[in-house]
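Chains A and B are the protein sequences, given in the same order.
At position 253 of the first sequence (counting the first as 1) the number is 285 in our numbering, and the numbers step up by one without a gap.
At position 80 of the second sequence (counting the first as 1) the number is 495 in our numbering, and the numbers step up by one without a gap.
No false leads were slipped in.
Here are the in silico distance ranges between beta carbons for each label pair:
#1 B:G440 with A:E218: 25 to 33 Å
#2 B:N608 with A:W60: 39 to 47 Å
#3 A:G192 with B:E480: 47 to 55 Å
#4 B:S497 with A:F158: 14 to 22 Å
#5 A:F248 with B:T722: 53 to 61 Å
#6 B:L434 with A:E218: 17 to 25 Å
#7 A:F158 with B:G440: 22 to 30 Å
#8 B:L478 with A:G190: 46 to 54 Å
Just some of the chain A residues that point at chain B, by a computed CB distance under 7 Å:
#9 E222
#10 Y224
#11 G232
#12 A233
Here are the computed lysine-lysine pairs in the DSS-like style, where the Cα-Cα straight-line distance is at most 25 Å:
#13 A:K221 with B:K502
#14 B:K522 with A:K221
#15 B:K522 with A:K250
#16 B:K545 with B:K522
#17 A:K217 with B:K522
Quick caveat, the hints were computed from the structure, so don't treat them as lab data.
As the structure is a prediction and not an experimental result, all values here were calculated from the model.
Quick reminder that beta carbons are idealized off the backbone N, C-alpha and C, glycines included.
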Amino acid sequence: MTIHATTARDAASLRPISREPSRVLLIWRAFSRRRSALIALAVLTVIVFSCVLAPWVAPYGPSEGEVTDRLMKIGSAGHLLGTDEQGRDILSRILYGGRLSLLSGVLPVLLSSLIGGALGVIAGYFGGWTNTVIMRSLDIVFSFPAILLAIGISAALGPGITNIIISATVVFIPPVARIAESAAKEVRKEEYIEAARSSGAGAGLIIRSHVFRNIFSKVFVFSTSQIGVCLMVASGLSFLGLGVSPPTPEWGFMLNNLKQLIFVNPMVTIVPGVFIFLTSLSLNLVSDALSDALEIKR
Amino acid sequence: MDNILEVKDIGKTFQVRSLLGRVKGGVSAVDRVSFSLGAQGTLGIVGESGCGKSTLARLLMRLIEPDAGEVNYRGRNVLDLSGASLKEVRRQLQMVFQNPYSSIDPKMSVLNNVAFSLWANGVSRQQARKTAYEYLDAVGLSRTHADRMPGSLSGGQRQRVAIARALVLKPEIVIADEAVSALDKSVQAQVLNLFQDLKKEFALSLIFISHDLHVVEYMSDEVMVMYLGRVVEKGPTERIFNHPAHPYTRALLASAPSLEVDRAAGSGAPALSGDLPSPLNPPSGCRFRTRCPMATERCAMETPELTAVGPGHQAACLLLKESLTA
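Produce the complete structure using the sequences and hints provided.
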């Protein structure tokens, strides 16, 4: 502060007129202090927007291509990221494919956060038998390696994007539930919960207004960090042929298709992989910075 | 003066289980405690940490279910109530907690923290906010504080929020559990005076729990001294502090730092030494005997009962009876 009040009247006149900065603004300030997070957010925004707007942004349709144009290199005229074995434009397919890939990365995490979060909170808040039944049942699911379980469920349900989303959701429920349970257990011990109980509030109201609020940032940060993982699981399932059927583009599926060309045109082959990597890295950086930014007290 | 709250032989033993879930033993946290609280009176409860003061407060609030005893609020036993009638009685008994950093939801604005109690009792959001503003004003917090998150408040301000939250349900009895212990001395004085003012303004009865003798002396009409879950002495504040009867009370007073050098009470009594014995295996007979400078063999065999030692003044010590009869 450069201004010094010398008298009481001065001090009174110096009272700030503007309102205090809102919580959202404070979080944004803390977040934007990290350059890596800002860059990651920018990359993410570009990827998400161009995928969502693929029909307007993409130079070609996802399935159109001339066999004469096949296997063009990155940077070829008209085909920025080259073409695949059927002459289809890789960039266009990446953009169209990203819609499915992002959806299968985000939706299971969203669903599993809702289900797992609710289960975890109930287990953590009530404790005792409720906790034992819920958490031990989830342990059974959790005891399988995640990817193996996802493959198992997908294989049992049959190929298709819906089944990938279902199996990824099931796989991600236990870890979210664990985070929510341990966070809810912590919150349960706080005196403000006792205060709420003594005011006559029921368990439902306490959970809705106190517990959810106080575990939200922990669950949110964990879930956002899972989007990247989920994206890879979903792509992995597609790569194994459990996802979409041709000619629908999807990053993992494209990677699978292009892998035969790795000796012919290695740079083009890894393009879908690069996008999976970039998206999931950016998501992790953003969620990391967000978790720190949410720590601020006001 | 009518008694608004009468507590009879209330007790709680926490079971300790072994790894396999078998009951190994019990921690007797509160043992047959009885007292009464006069309308608009203040009862101070003192004792070292771990003596069961906070458990007692939670038993009264039914935050922990007591094993035995009665809590009669205006002639109704609170322990028999459930559902709507319990909710109704609960609003009459509110509590200010020890740690202002844990007793306020950090993710709710100050105003909503106070208004929450009203929502829980079916008051509309808008009306609850309006009332909450009034009570924040009553504890000396302005509107600019009300919209903030608790993180930006000091300990003293937070405790004011906690007090406002306790008062907003218009209780008749407020239990303050170590309500000023976490605060700086200078802030303590402010909050204590606030309690005094609010007590008059809202015609409250107070139960003031503290390990700080000066705080209790300043606040209370009556004092109850607890040791390892039992009441060892109770009586009017003035008598307890000037004519303490129980060896524990005397030692406690002697160990309290005081500026008044020639205080009659503590002088002569040796200060306390050693730690509080584990409540898991409390000493037989008189629980204080292991640290009592005057303990005899008899103290290990007989459990002392509270007996009158003066007007409205009771103490639980076997030696006292002897010295009186002798």
